[in-house]
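Chains as they are written, first to last, in my numbering: chain U, 1 to 220; chain X, 1001 to 1215.
Derived by calculation from the structure, the hints in this document are not laboratory data. The beta carbon of each residue, even a glycine, is placed where N, CA and C say it ideally should be. Among the hints, a few may not be true.
[What the hints assert, rightly or not] Okay, the calculated bits of chain X under chain U, using three or more residues with CB under 8 Å as the criterion:
1) 1043-1055
2) 1073-1082
3) 1160-1166
Here is what each chain is made of, one letter per residue.
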Amino acid sequence: MNGAHDMGGMMGFGPVIAEKNEPVFHAPWERRAMALTLAMAAAGGWSIDQSRAARESQHPARYLAQTYYQIWIAGLEKLMVERGLVTRDELAAGKVLQPAKTVPRILSADTVATTLARGGPTARVPTTPQRFQIGERVSARNMHPAGHTRLPRYVRGHVGVITHVHGVHVFPDSNATGGGERPQWLYTVRFGARELWGEGADKAATVSVDAWESYLEPEK
Amino acid sequence: MHDEPDQGHSHEDHDHEHGSHLSDMELRVRALETILVEKRYVDPAALDAIIETYEVKVGPRNGAKVVAKAWVDPAYKARLLKDATAAIAELGFTGRQGEHMVAVENTDKVHNLVVCTLCSCYPWSVLGLPPVWYKSAPYRSRAVIDPRSVLADFGVQVSDDKEMRVWDSTAEIRYLVLPQRPAGTEHCNEEQLAALVTRDSMIGTGLAMSPGATP
C-alpha cells in the first residue's frame, strides 16, 4: 500500500540526528516491546511479512507520530486482536477478561538461543525458470497494490539493471495477507539516481533495491 | 530532540527521567506483558533471554571482527564478497535478520550506503539492533535521494566524483559495508584493527577510525 512507511524521497523531515553513545534501548518498556514482539511471533504463528503489514497499515498520521517501538506495539496488538488472542477490552483494561486460546508454540527460554541463531531463512527451492539475467535492463512495474508490497514507490516505472540474482524467496505480497509463500526469483536492480530523481540528481549515485520477479518486466 | 517523534525518541523517556511517574508506554507494555504471560502465550524467562541476546551478546563487535579478518586475510575477503552469509557464519555469526547476507566493498572509487526506506531492515547478526536514526524518517527519506547530504549530517565528506551506491534493503537480503582499511594500520593485528571498525562504518554513514582516534 502507498502508506506513510514508504518514505524514500519524501522531504521535510530535517537532518539525521545521531545520538552519541546511544544505548540499545531508551526505556525499560522498549526492551519488553522488542522481546514481546519476537516471542509472540512464535505463539501467534505469523510471519515477518504479516508483522510488517500490520505496522505499516496504520493511519499515516499515526505512523509518523510514533516512535519505532510504539509502531511495533501497535502492530503486535493488531495481529493479536485480529486472531482473538487478546481483545481490545483486555488491552484497555490491562488484564485478562477472556480465556486463552490454544497457540501453536510457546517460545521457551532454553530455545531462545537456537531459535534466534537459526532465524527465518526465506530462500526456497526454485520451481520456475529464472526470467532475468545479470546485466539485463528491466522496468519496475507501475503498480499500486492496496495490500503489502516491498516495491517502493520511488522506483516504480523506472528502468534499472539486474546486478544480483538471489535465488527464489518467499513473496511478501502474498505471504503478508495469508496467501501463502508463493516464492519467486529475487533480484537486485540498480537504478541511476538521475533515472529516479531527474536531471538535477547526483550523476555519480545509484540506488539498488531487491525486487521479486513479478515487480519487474523487460525494459519498456 | 525529544520533540521529534520521527527521530524515535519517546516523550515518555523524558518524563521517566524525572522519575515522577511511569509513562503511558511503560504502563501499556507492562499490562500487555501481564496479559500475555497470564494467558501463557509468552514465557517471561524467554523475554529476558531475547533482551540479553541483543543488549549484551549480539552487536557491532561481531561485524567488526568480520571486517578486520577481511582486511588481513585476502582469501577470507574473497569469500566474504562472494558469499557473505557463509563467510560470516565461519565466525559463528548467523541467524535472525542475517539469514541472507551481502557484503559490499568501499574502495577509492566507490562508497556504499545501506538503508531500509520501507521499515528498519538491518543486519542484526553482525550489527545488533539498529540505532534510532537508522529507523527515523529523515534517514529513510533522504538516503536514497540525497545520500551525500546524509553523509554530511554525519560529518563524512565523499567527493562528488566518487560513485555513491545506495542499497535499499527491500527484501530479506541484509547488507554489510566493508569499509576501507585506514592508512597507518600496516602493523596492527586483527584485534587492533577490529577496534577501529565502527558500527557506522559498516552501514556507510561513517569511515573506519585511524589508529589513535577516539570514536
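**OP:** If any of the earlier hints don't hold here, list their numbers in rising order.
**Re:** Structure breaks hint 2 only.
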